[in-house]
Structures are given as structure tokens and as C-alpha cells.
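Student: Given the coordinates of chain S, work out where chain Y should sit on it, guided by the hints.
Protein chains: 2
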Amino acid sequence: MEQVKVSLNEKDIPKQWYNIAADLPSPPLPPLGPDGNPISPDMLAPVFPMNLIEQEVSSQRWIDIPAEILDILYRWRPAPLRRAKYLERYLGTPAKIYFKDESVSPGGSHKPNTAVAQAWYNKQFGIERLTTETGAGQWGCALAFACSLLGLECKVFMVRISFDQKPFRKLMMQVWGANCVASPSNETNAGRTILAKVPDTPGSLGIAISEAIEQAVCDPAGKTRYALGSVLNHVLLHQTIIGLEARAQLKSVGIDKPDVVIGCAGGGSNFAGLAFPFTADKINGADIKIIPVEPTACPTLTRAPFAYDFGDTACTTPLMAMHSLGHDFVPPPIHAGGLRYHGMAPLVCQCVVEGLHTPRAIDQVECYEAALTWARTEGFICAPETSHAVACAIQEAKKAKEEGKEKVILFNYSGHGLMDLTGYDAFLSGKLVPYELPDSELEKAEACLKNHPRAEKRKTGRW
Amino acid sequence: MEQVKVSLNEKDIPKQWYNIAADLPSPPLPPLGPDGNPISPDMLAPVFPMNLIEQEVSSQRWIDIPAEILDILYRWRPAPLRRAKYLERYLGTPAKIYFKDESVSPGGSHKPNTAVAQAWYNKQFGIERLTTETGAGQWGCALAFACSLLGLECKVFMVRISFDQKPFRKLMMQVWGANCVASPSNETNAGRTILAKVPDTPGSLGIAISEAIEQAVCDPAGKTRYALGSVLNHVLLHQTIIGLEARAQLKSVGIDKPDVVIGCAGGGSNFAGLAFPFTADKINGADIKIIPVEPTACPTLTRAPFAYDFGDTACTTPLMAMHSLGHDFVPPPIHAGGLRYHGMAPLVCQCVVEGLHTPRAIDQVECYEAALTWARTEGFICAPETSHAVACAIQEAKKAKEEGKEKVILFNYSGHGLMDLTGYDAFLSGKLVPYELPDSELEKAEACLKNHPRAEKRKTGRW
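The listed protein sequences correspond, in order, to chains S and Y. Taking our numbering, the leading residue of the first sequence gets 1, the next gets one more, and so forth. Taking our numbering, the leading residue of the second sequence gets 1, the next gets one more, and so forth.
Isolated chain S, as found in the complex (with noise of 0.2 Å):
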């Protein structure tokens, strides 16, 4: 019998996270502050603790993890890292598609490997209360678990569309003791101003963010922290023990590097958690395909410009060098809520620059196709956003059979479906139309980004 299950002892379990700003060919451009110059640390200190701004602006190649947060993630990992045999089966494939299976921790994704930790920092630094934003509502579960066990409070501005259509997540976090609003909120200036505007506005993510921000640093008592669940540095390296699990679990089952790797991104944290490690490797010549997929609807990396920009719609975190479709670009509704950001990682950018990273646009059509062919064989339901990677994954299995080559495959199954099972359902009935993205929104990107600074292309050409 094959094995399906590649588990990793507790014993096992990575002791350090891996910094990809250490090794990159050339390292990403500094975020710049109002005047166009870079911040200094200090900048951000009202908004992060100092703590988690160090591990922000590193470049020390491994940084330790501190026991008692291993002592959290311990409830869920090593996560186990699975073999999609049944899925390699009903496609005729020679390639082995592996996975790595997020999807087991308690809010059923891997936002907590970062919730945790930015929880345990922040309690460090004596902080006591933690505010953020939510959409689709899986990072606000993540924060609401993590700030529970270490008994933090946790503020969530919930976009008022999800808040009222997903009361599920609203009830999840509530389990957890959160504190979630619809956003906009009377309890701050930014939600109040919004709604004497426009009293029945159905919110944002921009907007939800404003308010965490303001509430955070608005504190008298310098108490509150903000809490951000991806885009930012300290985000993607606390998601490095995905990828550092998953190349020891390979390893376990005699296979010493995988040929592609694949992650959906949205803001880019768990495809950089699967894949900074292996891209580690392919810096020090390993050949993998190491691909961000994204949806056509919201081509961030495939398509859009290389800039300077903000990370929000309301223009209040620095400038930052990335792709990006302009702050104030409005995301189509497809069902990948967690694939919806404008913007993307400056590190995931940087390694697409460089040409270390292979970005790949699929339409949602595609994408549900390939959710369904997984439910039907594997048996499992994955979430919105997962279902890029494993159309991906399939793409690349198909590839492999024509080829007649016997690659190994490995995706990063970031989350399950459970509570986001309304686009399965448009999905069954027809109502799913494939949408790609019209030029007319990358103009308005470059113009939304022509006061920008420039952000120049940095890249060695290696590869």
C-alpha cells in the first residue's frame, strides 16, 4: 500500500522560522513613508508592538521560535502533509501530488501560525488588547483562537456585508470571547464619519481597516496593537513552518525536493509559507516551478503594475514596492473572498521580479471545476481560495501525463470550505460566469498610481 499520510513527530516540529529577506538575490525596496522616504522602525511603533516590528525590518536568516508558542501550534501540527492519490487516480497521472493540510487547525486554515504568534508578541510587550479587521471572516477567527488562549482581548471590524451574511464566523469568534463589530462602527471617528455619509453602506475592507487602526492607536493607556493576517514580512515568516514541515516530510518519504510547488495568494502568506523555504532551495540551485496562483478576476501578480502603493484603500500604511491593481481598485465579488487584495506580499513580488516565482491566473469556473473533482475524490471540501491551488495542481498533473514525466507535485491546501459553501452553490446552479479582468481596470490602475514614487524592478537575471 501506498502512503497517503506523511506525519511529522511533535519532537520534529520546526524550532526556528526561515527569512527569505536573508537570502533573496536582491532584496525588496524599503516601504516609504508620506514624504517619500523610507520609515524608520519607530514609525510603526503605535501601530505594532516593537517586537514584531524587528522581525518586520530583519534580516537574520533564522529566527527562533519561542517555546510557548510551539506549545499553542502544538494543538494542530506538525500539520500532516497528505498524498492526493485518489486525485492522482481519477486523472491518469504518473506525477505524485502531495498537499499540505491547513486546513486541520481549530479556525481551518493557517491563519492561526501567524495569530498566535503576533498574540504571544504582543502580550510580551505588554500589550493587552489587539484590534483588526476581518472580511471573509477567517482571519478574525484566527486572531479571536489566538487572543483567547493567551487571554488578550481581540476587537474585530467585520465588513458589514460579511458580518450580516456570514453569522457563522461572527458566532465563531464569539466562542472564542472576540469582541466583532459590523464595520462601519459608531465606536470610532473613521466608522462614524462613513455612516453619517452613507448610513446604509454595506462597509469595506479599507474602511474595517481604518477603524482597527484608529482604535488601536487611539488608546490612552498605549495598551492596543493592530494586528495584520498578511502582506507584511513578520506575517510570511511565522507561515515558513508550512513549508519547513512540508520539505522535512518530503524528505521523510525519500523524495528530496519537489519539481512544483504551488500556493493561491491573495496578500501572500501561505503560498510564501509552502514555498519560501523551497525557494530558499531553488536559490541554491534546486530545479522547482514555484507558482502564486491567483484568480483571473483579481490578477495581481500576472498582471498588474510593479509600484509603489499603499497597502489600504484609505492610504494610511506606508508605500510599499509591489504588483498592484491601485488601492482604490474594487475587486469583483467572486467567491475567494481571501483573494481579493489589490496589492500582494513585497516579498512574494520581489521573488516574481526576480523571476524565482511563476504566477499563474485561473478563472473561479476553473477553479469550482476543480473543487468538485476534489470533493469527488479526495472527499474533502476546500475552500474558495484553496480551490486555485488545486487547479492548479490538477493543471500541472495533466502536464505531467502528457509529458509522461513522473513529477512530484506539492500544494499548500490552505483552508476548508465549510463556512463558505454559498459559491459551491452557484457554482451547482449555473450561476458561475468566468471573468477575466478588462484592460480598462489596469488603466485605472496606472493612473490611481502615477504620483506613486517609481518602484524600480530589481533582479539579478539568474533566473
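Bear in mind the hints are in silico, worked out from the structure with no lab data behind them. As the structure is a prediction and not an experimental result, all values here were calculated from the model. It is possible that part of the hints are untrue.
[Stated by the list, open to error] So the derived label-pair ranges between C-beta atoms look like this: (1) S:P202 / Y:E446: 54 to 62 Å; (2) Y:N9 / S:T460: 38 to 46 Å; (3) S:K289 / Y:E68: 29 to 37 Å; (4) S:A426 / Y:N179: 13 to 21 Å; (5) S:E68 / Y:E403: 29 to 37 Å; (6) Y:N179 / S:G33: 56 to 64 Å.
[As the list claims (entries may be wrong)] Calculated cross-link-like contacts (lysine-lysine; reagent style DSS-like; alpha-carbon spacing at most 25 Å): (7) Y:K405 / Y:K282; (8) Y:K457 / Y:K257; (9) Y:K282 / S:K85; (10) Y:K123 / Y:K257; (11) Y:K405 / S:K11; (12) Y:K407 / Y:K289; (13) S:K223 / S:K257; (14) Y:K123 / Y:K5; (15) Y:K223 / S:K15; (16) Y:K257 / Y:K289; (17) Y:K123 / Y:K282; (18) Y:K223 / S:K123; (19) S:K11 / Y:K401; (20) S:K5 / Y:K11; (21) S:K11 / S:K257; (22) S:K85 / Y:K85; (23) S:K251 / Y:K251; (24) S:K251 / S:K431; (25) Y:K289 / Y:K405; (26) S:K405 / S:K5; (27) Y:K123 / Y:K289; (28) S:K251 / Y:K399; (29) S:K5 / S:K15; (30) S:K5 / Y:K399; (31) Y:K459 / Y:K282; (32) S:K282 / S:K15; (33) Y:K15 / S:K5; (34) S:K15 / Y:K257; (35) S:K11 / Y:K123; (36) Y:K407 / S:K5; (37) S:K85 / Y:K15; (38) Y:K15 / S:K11; (39) Y:K398 / Y:K289; (40) Y:K251 / Y:K123.
Virtual Cβ for every residue (Gly too), placed ideally from N, Cα, C.
Tutor: For chain Y alone, kept in the frame of chain S given last:
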């Protein structure tokens, strides 16, 4: 570091199910037909395939698990055994609390263990279509999943009120290709009759069973059968893989036997799945306390008469010797939908009569308190049914603390609660009240049962 997760290698998965009928000191009473005489296997043939009927009446101790069934179970089995060390710390108990994690299956509970086996045996027998009923949706999902993998048609009659209140459960079934309709439906005589009388009926499990059985037995081609998710001997048999795995996992960490074994009990299948292998050890002399836990609102084992009764409200099944609140019992609307059954698996009842199992009833408010403690220590959100097992484990752990004893407590974590969060909402908002079944309901039960053949309490008096 203390080990939290105890894995079992795929190659060590149990290859046989354990049939407790071979070892019961006093065998359970046979099911009776409408004439009051024991039924013959043939009488079940229109409803179930003969290979499953043979399992139903078998007294063979070990029954081989076909390799094709194992090949499907490997998607999530062996399931992890975990140690609840975070709960232990919180309680300050010297007890070691282990739980068998059945929430990791595609359907999120133990139900797929038997759904896969039943679908496989039906397919072997030449059956092309299975019908069933579902209340909360857990069983309908499990059978939809199993039929999807085995290429069988699946028709699920879902109680109307749940169909309307739990659209996500229906969507899960549809993802797996099942046809899920609200019951009563216009597709059966039973359904049409009820709808003609009460057009706006919320439906009931009794009606849904009648519809499912009618569609199975009325297939002119004879290619349809009915599948049941609990109560019957062969269903409990398929679930014993849970206890057999758990026993091997405990031994792998040096624990020869647990001191306490706990499972919530509605129809009895998840409890029996964990408990029966340990019950065999108890019959052979091991000192183990084995506790089926039920709600105080539906106290079948703790308060109901032991009598011959029908398995369904519509009186279409044979009469079974069991603890029963009467087939016309209308259970209070507690949130643990899976624990609202009027009867109990005859094999479990016989163990209780013998004194091998020590049933306990716990109120739903205490159960939700336990579930919240669980979510905020262990991190995971359990099903309302499972919360009864958690509450009992906490009671036992506190007792061990009082006694200063280092007991090993094992319970079945039968499912996650992600699809059933409304009960948490009621609890958190203070709307949940304790519910003790009034004595008048037991008088009603006696009245309901008075015309049935008497069920003799067979016991050896050894426990």
C-alpha cells in the same frame, strides 16, 4: 515535552471490526415482527442488502474489513488520538485526558465510518441507489460523501425544519452529488399524505424515515436500498474501528488500559464504536468505567423503561428490545439534534442492563459550559452532541483531582461544531435554560409501550 498527538501508521489500521455480540454474557433479545415472533433475516431483505443483514445477525467475533473499504478510510484514518493537556492544565487535574478525534473526517464526524461500509456492501450486492433520512444533516452528509466515492446515487430526505434552517448541510450533500429534498415531500405516498393534511408541517424524523424506506422498497427494479446511521448492530460494528485504533494508540504510549471511557449516546453508534473494544476488555476482567452520556432532556438509558418498541415513529421497523421513551416521544428542542432519539441501540442497552456500562445524563447548559471551556483551552469548537462527552470528561477529571488519582480518561470527540453554531449563540446570549424531563413524560412512555411484548432484563449480575 509531553506528547499531545498519538498517531497510528496506516499499515497498523485495524483490519477487522469487533462484534460484541460474540462476547456479551447474556445475548440481547431478538427483534420481533408484527406478530410478536422473532423476525427472520429475509424479512429485512427489501430494506437492506443481504450482506449487511448477515452482519446484523452475526455472532462472529471478528469480521474482516474489505481492503476496498480501508482504501477509502485512509483519507482520514487512522484518526489521531490526542491528549487534552491544555484542559488538564486548566483543571489542575492529575488525570490524563485523551480523546479520539473523529472530527477529522470529510463530513466532520464519526458517521462516514459506517456510511462508507454500508455504501460499499450495497454496491457489492448490486444496489445502485441508497435512500436515507437526516435530521441535523450529519448522517445525510456522511452517506452523500460515501455514495459519491463509490458511484452510487444518494437520496436524502431531510426534515423540513432543518432543511430550511441549515442550508449549508444541504449544500454539502449537493457538493457530493446527493439529491437532498425537504421531508415531507411530494415524492412518496407517505409524504403526500402528510402534506395533504398539514401543508405547513415542519416534518419529523419519523416521517422522513417513512419516505426513505418507501422509496427503497418501492423501486420496481429492486436496485434501491435504505441506509441507517445508528442503532443497528452492523452500524455499531463498523464504528468499532474507533475503539480498536484508540486501544492501539494508548498502548503505543504505554497505557495498557484507560480507567474511564466516555461517549455521547443518541442512537449509540459513536459511543459503542469507542466503547465496545474496551467493553470486551472489561468482560475479560479489566477495571474500566464505561459511560454513555445523554442529555437530561432525552434520558433514554438513565430513566426510560427497558421494553420492546419500534425504532421509528411510524412503527414500520421491527420491535427492538431497548430503553425507550416511546416511539411517539416528542423530544424537547435541544441543540444536540443527534441525541434526541427516543430509543437506543439494543447492543448498548444490553450492556447497560448487564451493568457493563454506567449511563449518565447531563444538562445542556453544563454541556455548553464545557464546550466553551474546551474551545478556550484546547482551541477547537465541538459539536453540541460531543459537548456531552466533554462535560462528562471534565466531571471525571475533577473527581480524579478530588481523589488525587492519576486516572486515564478517554472520550470520543465525535464531531466538530462548525455547522451547528446556533446553540453556542443561544448559550452565549443567556437564552439556554436547564431542562429536566418531567416524570409525566415517563408516564406517557409507559402508556405508549404497554401494548408491546414485554422485554426481559437479562443479566448475569457479574458487573
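Student: Each of the hints needs a verdict: does it hold here or not?
Tutor: Okay, the hints, checked on the actual structure:
| no. | hint | verdict |
| --- | --- | --- |
| 1 | S:P202 / Y:E446: 54 to 62 Å | holds (57 Å) |
| 2 | Y:N9 / S:T460: 38 to 46 Å | holds (45 Å) |
| 3 | S:K289 / Y:E68: 29 to 37 Å | holds (35 Å) |
| 4 | S:A426 / Y:N179: 13 to 21 Å | holds (19 Å) |
| 5 | S:E68 / Y:E403: 29 to 37 Å | holds (31 Å) |
| 6 | Y:N179 / S:G33: 56 to 64 Å | holds (59 Å) |
| 7 | Y:K405 / Y:K282 | holds (20 Å) |
| 8 | Y:K457 / Y:K257 | violated (29 Å) |
| 9 | Y:K282 / S:K85 | violated (40 Å) |
| 10 | Y:K123 / Y:K257 | violated (38 Å) |
| 11 | Y:K405 / S:K11 | violated (28 Å) |
| 12 | Y:K407 / Y:K289 | holds (11 Å) |
| 13 | S:K223 / S:K257 | violated (45 Å) |
| 14 | Y:K123 / Y:K5 | violated (36 Å) |
| 15 | Y:K223 / S:K15 | violated (57 Å) |
| 16 | Y:K257 / Y:K289 | holds (11 Å) |
| 17 | Y:K123 / Y:K282 | violated (36 Å) |
| 18 | Y:K223 / S:K123 | violated (62 Å) |
| 19 | S:K11 / Y:K401 | violated (29 Å) |
| 20 | S:K5 / Y:K11 | holds (11 Å) |
| 21 | S:K11 / S:K257 | holds (22 Å) |
| 22 | S:K85 / Y:K85 | violated (34 Å) |
| 23 | S:K251 / Y:K251 | violated (28 Å) |
| 24 | S:K251 / S:K431 | violated (43 Å) |
| 25 | Y:K289 / Y:K405 | holds (14 Å) |
| 26 | S:K405 / S:K5 | holds (23 Å) |
| 27 | Y:K123 / Y:K289 | violated (39 Å) |
| 28 | S:K251 / Y:K399 | violated (46 Å) |
| 29 | S:K5 / S:K15 | holds (22 Å) |
| 30 | S:K5 / Y:K399 | violated (38 Å) |
| 31 | Y:K459 / Y:K282 | holds (15 Å) |
| 32 | S:K282 / S:K15 | holds (22 Å) |
| 33 | Y:K15 / S:K5 | holds (18 Å) |
| 34 | S:K15 / Y:K257 | violated (34 Å) |
| 35 | S:K11 / Y:K123 | violated (44 Å) |
| 36 | Y:K407 / S:K5 | violated (32 Å) |
| 37 | S:K85 / Y:K15 | holds (21 Å) |
| 38 | Y:K15 / S:K11 | violated (29 Å) |
| 39 | Y:K398 / Y:K289 | holds (15 Å) |
| 40 | Y:K251 / Y:K123 | violated (36 Å) |
When the structure is compared with the earlier hints, violations turn up for hints 8, 9, 10, 11, 13, 14, 15, 17, 18, 19, 22, 23, 24, 27, 28, 30, 34, 35, 36, 38, 40 and for no others.
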